[in-house]
Amino acid sequence: MTDDHAVLERLRAAGFSIDALSDEQLDVLTGLSAHELHVLEDVKRRLDDVEPEVRAHGDFAGGALF
Amino acid sequence: MKTVTAGLRAKLELLAPAMTAATTALWLPDDPELSRRYVAYLYEMHALIRASVPLMERAARRCARLAPSDPAAGPLGRYLERHIDEERGHDAWLLEDMAAAGGDPVYAARRLPSPIVADMAGAQYYWIEHHHPVALLGYIRVLEGNAPASWLADRLAVRTGLPGAAFRTVREHAALDSGHLADLDETLDALPPAPAHSTLLAVSALRTAAGLIGLFSQLATTQGGPE
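Line by line, the protein sequences give chains A and B. Heads up, our numbering is the position in the first sequence plus 502, with the first residue counted as 1. Heads up, our numbering is the position in the second sequence plus 713, with the first residue counted as 1.
Check before you lean on any hint, since a few could be wrong.
[Unchecked claim] With beta-carbon atoms standing in for the labels, derived distance ranges:
(1) A:GLU543 x B:THR934: 19 to 27 Å
(2) B:GLY815 x A:ASP529: 19 to 27 Å
(3) B:PRO908 x A:ARG514: 23 to 31 Å
(4) A:ASP506 x B:GLY802: 41 to 49 Å
[Stated by the list, open to error] In silico contact screen, one side only, chain A against chain B (beta carbon under 7 Å); selected entries:
(5) ALA515
(6) PHE518
(7) ALA522
(8) GLN527
(9) LEU539
(10) LEU549
(11) PHE562
[Claimed, not checked] Short derived list, chain B residues pointing at chain A, Cβ under 8 Å:
(12) LEU725
(13) LEU727
(14) MET758
(15) ILE762
(16) SER765
(17) LEU779
(18) LEU808
(19) GLU857
(20) ALA860
(21) ARG881
(22) ARG884
(23) HIS886
(24) VAL916
(25) ARG920
Since the hints were derived computationally from the structure, they do not count as laboratory data. Computed from a prediction, not measured in an experiment: that's the story for all the values here. Note that the Cβ used here is the ideal one computed from N, Cα and C, for glycine as well.
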């Protein structure tokens, strides 16, 4: 991506809460490739379609196994 | 200078709220279906985890073929060889947990897993074979980075009333995966810089995180036990 603001605007438009992120995190995100940005937008769209009924609270319980 | 893992963490952080919400829903404490859902979780995790060692073996073979002309292939292959030994047999643990929880290990071998499992593991087969095996580290980073919390096994045992033997894999992975993650991060940050690899890692990790969120959300809304 060449336009830093455009990347952040696209993330914001997709519904990601980026305003509370650190400068270091924002610096990483402004460098997102087109592929990465597309994956994030796609993921967010699909997650919004199946909005979890339960909101996050408490400690992170995890559960993934490899 | 930013490390590879710092960049990866910043990108994955965008999906962290959804991941936390999905695991919260999965382990909802006041749900009478929790023990059935735990068995369903074991079936899907077995379907996923039985691909772990085969994926690493395939990636290690690809690294061996790439090594003469690819500076990342050597250290990546050595990491995979180490990790294969650490992960071998964990699918058998899950079958034992399943039996202790009232599930059917024979059924586990023949049931059709969620298509999300095939999406998650299947993408790795593609990237390993047709692009670059470094993709697998993005997959491993997400699965080991969202391992069960240290308290989860005990809490589930109390809430489900299932025997302690039903929670070996959850318990062991809570203990093992923080060490595995440190080894993985060290490997990632020591790889020769390659922007194309960083992008592939991130795409693989983000797709894996999305799959995991989808799988946990699916498990949270369906009844457990054999279909």
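Going down the list of hints, with the structure as the test:
1. A:GLU543 x B:THR934: 19 to 27 Å: holds (24 Å)
2. B:GLY815 x A:ASP529: 19 to 27 Å: With a Cβ separation near 50 Å, GLY815 (chain B) and ASP529 (chain A) fall outside 19 to 27 Å, so the hint is violated.
3. B:PRO908 x A:ARG514: 23 to 31 Å: Check passed, 25 Å falls within 23 to 31 Å.
4. A:ASP506 x B:GLY802: 41 to 49 Å: For GLY802 (chain B) against ASP506 (chain A), whose Cβ atoms are near 47 Å apart, the range 41 to 49 Å holds.
5. ALA515: violated (13 Å)
6. PHE518: holds (5 Å)
7. ALA522: It is violated, given that the least Cβ distance between ALA522 (chain A) and chain B is near 10 Å, above 7 Å.
8. GLN527: Because about 4 Å separates GLN527 (chain A) from the closest Cβ in chain B, which is inside the 7 Å limit, the hint holds.
9. LEU539: violated (10 Å)
10. LEU549: holds (5 Å)
11. PHE562: With a closest approach of 5 Å, the PHE562 (chain A) hint holds.
12. LEU725: With a closest approach of 10 Å, the LEU725 (chain B) hint is violated.
13. LEU727: holds (5 Å)
14. MET758: holds (5 Å)
15. ILE762: Holds, about 5 Å.
16. SER765: Nearest chain A Cβ about 5 Å off; hint holds.
17. LEU779: With a minimum Cβ separation of about 21 Å from chain A (threshold 8 Å), the hint on LEU779 (chain B) is violated.
18. LEU808: violated (13 Å)
19. GLU857: holds (5 Å)
20. ALA860: holds (5 Å)
21. ARG881: violated (12 Å)
22. ARG884: Cβ of ARG884 (chain B) sits 11 Å from chain A, so the hint is violated.
23. HIS886: holds (5 Å)
24. VAL916: This interface hint holds because 5 Å falls under the 8 Å limit.
25. ARG920: This interface hint holds because 6 Å falls under the 8 Å limit.
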